[in-house]
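Number of protein chains: 4
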Amino acid sequence: MSTIRNIAVFTSGGDSPGMNAAIRAVVRTGLHYDLNVFGIQRGYDGMVNGDIFPMDAKSVANIIQRGGTILKTARSKDFMMPEGRERAYKQLKKLDIDGLVAIGGDGTFTGAAKFIEEHDIPVMGLPGTIDNDLAGTDFTIGYDTAINTVISAVDKIRDTAESHDRLFIIEVMGRDSGLIALRSGIGTGAEAILIPESSTDSKALLEKLAHGRKNKSSKIVLVAEGDEEGGAFTIAELVKKEFPNYDTRVSILGHIQRGGSPTCMDRVLASRLGVAAVEALLAGRKGEMAGVINGDVAFTPFNKAIKHIDSLTPSLLKIVDILS
Amino acid sequence: MSTIRNIAVFTSGGDSPGMNAAIRAVVRTGLHYDLNVFGIQRGYDGMVNGDIFPMDAKSVANIIQRGGTILKTARSKDFMMPEGRERAYKQLKKLDIDGLVAIGGDGTFTGAAKFIEEHDIPVMGLPGTIDNDLAGTDFTIGYDTAINTVISAVDKIRDTAESHDRLFIIEVMGRDSGLIALRSGIGTGAEAILIPESSTDSKALLEKLAHGRKNKSSKIVLVAEGDEEGGAFTIAELVKKEFPNYDTRVSILGHIQRGGSPTCMDRVLASRLGVAAVEALLAGRKGEMAGVINGDVAFTPFNKAIKHIDSLTPSLLKIVDILS
Amino acid sequence: MSTIRNIAVFTSGGDSPGMNAAIRAVVRTGLHYDLNVFGIQRGYDGMVNGDIFPMDAKSVANIIQRGGTILKTARSKDFMMPEGRERAYKQLKKLDIDGLVAIGGDGTFTGAAKFIEEHDIPVMGLPGTIDNDLAGTDFTIGYDTAINTVISAVDKIRDTAESHDRLFIIEVMGRDSGLIALRSGIGTGAEAILIPESSTDSKALLEKLAHGRKNKSSKIVLVAEGDEEGGAFTIAELVKKEFPNYDTRVSILGHIQRGGSPTCMDRVLASRLGVAAVEALLAGRKGEMAGVINGDVAFTPFNKAIKHIDSLTPSLLKIVDILS
Amino acid sequence: MSTIRNIAVFTSGGDSPGMNAAIRAVVRTGLHYDLNVFGIQRGYDGMVNGDIFPMDAKSVANIIQRGGTILKTARSKDFMMPEGRERAYKQLKKLDIDGLVAIGGDGTFTGAAKFIEEHDIPVMGLPGTIDNDLAGTDFTIGYDTAINTVISAVDKIRDTAESHDRLFIIEVMGRDSGLIALRSGIGTGAEAILIPESSTDSKALLEKLAHGRKNKSSKIVLVAEGDEEGGAFTIAELVKKEFPNYDTRVSILGHIQRGGSPTCMDRVLASRLGVAAVEALLAGRKGEMAGVINGDVAFTPFNKAIKHIDSLTPSLLKIVDILS
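Chains as they are written, first to last, in UniProt numbering: chain A, 1 to 324; chain B, 1 to 324; chain C, 1 to 324; chain D, 1 to 324.
Since the hints were derived computationally from the structure, they do not count as laboratory data.
Incorrect hints may appear among the rest.
Stated by the list, open to error - A partial selection of chain D residues facing chain B, derived with a Cβ cut-off under 10 Å:
#, residue
1, Ile147
2, Lys318
3, Leu323
Said to hold, decoys possible - Taking lysine to aspartate or glutamate and the DMTMM-like style, the derived pairs with C-alpha atoms no more than 20 Å apart in a straight line are:
#, chain 1, residue 1, chain 2, residue 2
4, A, Lys114, A, Asp138
5, C, Lys318, A, Asp296
6, B, Lys77, A, Asp247
7, C, Lys318, C, Glu279
8, A, Lys58, C, Asp321
To be verified - Footprint (simulated), chain A over chain B, 3 or more residues, beta carbon under 8 Å:
#, stretch
9, 56 to 68
10, 71 to 83
11, 157 to 166
12, 238 to 252
The C-beta atom is built at its ideal place from N, Cα and C for all residues, glycine as well.
Same shape as in the complex, but just chain A (with noise of 0.2 Å):
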């Protein structure tokens, strides 16, 4: 078993609600068994640079609550090459830094994975991501919190709808997945979900529109932004030209999707794996994402904790199909 002794956090790719409560739950656990605790700033393009420090129980005091990461996030092109991995892992040893935690998505743990083979370091991942879509854990950190400010967005743009009698074609994100799409769009009572999973037919779509119930003058149709027939607009100019007369608008929710304070379940997932991969590091383990499954902490392979079409869709799809 290994003897760790200084752990470095940090953040990778698209920031994702929770992220702050994992980076405090990984150094709070850290220094329950008294490890010293760095972070870095900007995931690998910070280790690259040597941007690390020390962090104490007082650097994360207060953070739990807020969304975004305060350890940033970037993209590196460095680290995509060996040499600015090898620079990276001297950051690391110039600071006797012999276990990592990742907090990102399946491109973080790829880097991670490659960084572990050459140099042997010890790296867990966190799943930090909205859209959910990786295999190894039945949620990501930051999905619960992003489908929460969707539907409260979609529950605002119905009071305009029903005011007006008018149909929204609203677009969230997603680009490889509909999970977002699909949960808020049962919690929106959306009349049609448009996502990459199904072969959208945009027929199917404009036959439902025609055969809506009558009494109901005001419709939302939710669409991944990964949908194969195309964005919101593509919808939108499909559905004009088959009802002209309906009073058909466009939202597409964009950025605010990433951000707010996380929700209750996303600051306890963050807390559980941020517990669980420091104690998996003293464990021994490497190369492996921590992940809940079934309720139970679970560890996957970085290689196999990538993205993947959740079993659950198809159910989801004909709930929508019964209550629409």
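Mind docking chains B, C and D on chain A? Use the hints.
Showing chains B, C and D alone in chain A's frame:
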């Protein structure tokens, strides 16, 4: 003095949060003074078509906190023609309606003024619009909610901006007025605010961005949709050209700004003005908008309750300059 | 297999956020399968008294986002007696109702079990309670909203605690279960959590407070109302005696925890279970509660869907210890 | 005219949302005019003890949206004595501080007035209190946030009240003033409001409850904590005695009313007044509170910026009567 017995209330133009609180106040005040109260669906359109129904205290129970308008709102081509107004008048006469309360913007009041002129029926108006650009009231019903919706969205975007050191160009509503951008810009500590009222010197913006505080990496710029130099995308183009190494993003807040549960101030304003409008009808007034000026209820003739530039604008703009 | 034609839905026991989403799902699923659907007012009380009315898609429009229950809820003394249940049964028979969906807690299901026994009418149950203390489902409808309401309140209180260097003892709901205190305690970074499931060692709490981090002046302690050492005021007395120079305050969150617009997860859970309950009735099931276990819908007989202690509790308590 | 070079800012008395926005405005305005700016920890207490530190633009970055006060606040026994004020003055002189901005309530200003009298140092004040009971400003910093926190809580409680047909007696803050109860009562459609300014006729309340609309089963009564007939529990006793068959409940909102992210209006008010206070110091003013009267900045001598009864109170009370 008129002896009004039966009044009707309707909402017209774009919906705004607090319209339901205003409807509730009109209905309950009418009942308080032993009037019969009717609701008209979808504004002037419903008036022309006779979509008019009696309301009681229960009709408006539990709506004070809801966005949108339970009476719905629409634009009416028919009412723009004398024949349409004639039809509308007949519909009212069928029900012996001898007083109206119109909740909307300056278009609503222009229609009401013509209606009074042609058919001599008393109408009082309430300012229901998120834009806050009407002479005759310090605040319109919905404005306070809209600026709080904006700052809540921008607070979320700032999480991401801070985490990634990004510059966000955020477009908010306000076709003819920058008041939404102005107060929400101060409220979010925006770096700069571009509004129709000030001839936007894009040079000035670029200069400001060039000389921004070094230690402040993330930046927020708010643009009112009505800005004469173009919306957020146009401004973003300018910025990207000048500062290609900035990570510049655009966000259009869109329709979320119209909805949502009204703030306390909007509910109180709507309640006060709803009471005042009915009492004014009973006192024999007509053709005026009820507003609040310097804390007190004030009445302004419809032909003066038009879009104007708030005299506070220059001093608020100066505050943006000092604090950003 | 039964051929069910007419179903009725009701809510019973304490209200919880998401009950309306569940009602909507039951009604729409019933209509989807060409059933007639009725609503029963105020739970078993309305059943006994025949407060039963037909519902259609419009009856449940625009309610998915609302707290409380449009069907109201009440306790019924009559239904506790065989004569009351007899009367209730006759009321149902008058309308040919041959299937029921009951939304509530274990008291609700106990009543339903007796009703089935005596009158052989199929009843399926949905777990509607904020306490999350029912066997047979990982989460109850309303729990997720309640813990988010709690953390939002505690985040606010922490602002004051930090500004004044105060210790706050905050009491949250949970007469028999500490699950609200537990997750919201982790989510707010509470210093300590006192819950019925663990024999609260008040000595341990006092010791913890004595040895708290020096640089952390403000402290939050969460107490479940059902804690066996007494509520927040009792604990505050103990603390004040031991630490007279601490500025110790008490806050009882109270009834705000039951209301509010449901979170996305509660809306999705309610929607899934509402669909499942109706489909289960159609498939000939009865006397069971629909729940979600490890992500999948599962059915548990009413006599096993009782209050229990979540097996996660010890591991969550350990996280509080490590992170506080 | 004085030539001020070094100013310090502090918060004192109870914290209120928007204090951080005010601190930010003071610091940035000071820097804008090339002053050195210091922060004093924990109000007069930190002044006496020399807890004073330099602030720059970064010290106040990203705080405009946060509740509480980063400078903390406390009561100081030392500063009540001439010796304490003498020590405080010496601490300021050590750092050449020649101007102060005090953010707080009337107690804060009384202390400041004495300090000016004895040591002739310019002090300007900002009204930071949720109670809105100071002469010299239409609104205090924090009031708008507090009433929105209250209506959001009462909206949640109403969900439960409606679902169970209950009467809730809800106590809100306001030891000497009913302004929180008054506006949030109108904003939530409360049945009645009991405040210190009106000699509460409990008979009138009971009569009102007796003759309430038959079809309105749930009822909300708001009581200001300073009401001369006692708080919510006392009122509830009266009601229970008279109406034993009502399901009457009590809720004390408590400390959540002081915290939370400030509303847009509170952020704008704090920003305007922060700018105004520093500019006033530079213009040679002292011993005055900056406020906003009828939309414009106004200055009021400390000895007149005392608790008073808002002249709007009677007309707002009348609105409660008409609409409830």
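Legend entry - Status of the hint placing Leu323(D) at chain B (closest C-beta pair under 10 Å): holds, 5 Å
Inset, instruction - Sort out whether Asp138(A) lies within 20 Å of Lys114(A), counting only the CA atoms. - result: Measuring from Cα to Cα gives roughly 25 Å; hence the hint is violated.
Legend entry - 20 Å Cα cutoff - pair Lys58(A), Asp321(C): At roughly 17 Å apart (the allowed maximum being 20 Å), Asp321(C) and Lys58(A) satisfy the hint.
Inset, instruction - Count residues of the stretch 56 to 68 of chain B with a Cβ under 8 Å from any Cβ of chain A, then say if the count reaches three. - result: Since three or more residues must qualify, the claim that chain A covers the stretch 56 to 68 of chain B holds, with 3 doing so at under 8 Å.
Inset, instruction - With a cut-off of 20 Å on the C-alpha distance, tell me whether Lys318(C) and Asp296(A) pass. - result: Holds, at about 14 Å.
Inset, instruction - Hold the hint about Ile147(D) up to the distance rule: shortest CB distance to chain B must be less than 10 Å. - result: Since chain B brings a Cβ to about 4 Å from Ile147(D), closer than 10 Å, the hint holds.
Inset, instruction - Double-check Lys318(D) for me: the hint is only fine if its C-beta lies closer than 10 Å to a C-beta in chain B. - result: The hint holds - Lys318(D) has a Cβ within 10 Å of chain B, the shortest such distance being about 8 Å.
Inset, instruction - With a C-beta cutoff of 8 Å, work out whether three or more residues of the stretch 238 to 252 of chain B approach chain A closely enough for the coverage to hold. - result: This one holds; 3 residues, not fewer than the three required, reach chain A with a Cβ under 8 Å.
Inset, instruction - Quickly compare the C-alpha distance for Lys318(C) and Glu279(C) to 20 Å and report which way the hint goes. - result: violated, 40 Å
Legend entry - Proposed proximity, Asp247(A) with Lys77(B) (alpha carbon, max 20 Å): holds, 15 Å
Legend entry - Coverage assertion for the stretch 157 to 166 of chain B with respect to chain A, Cβ distance below 8 Å, three residues required: holds (count 8)
Legend entry - Coverage of the stretch 71 to 83 of chain B by chain A (three or more Cβ within 8 Å): holds (count 3)
Hint violations for this structure: numbers 4 and 7, all remaining hints satisfied.
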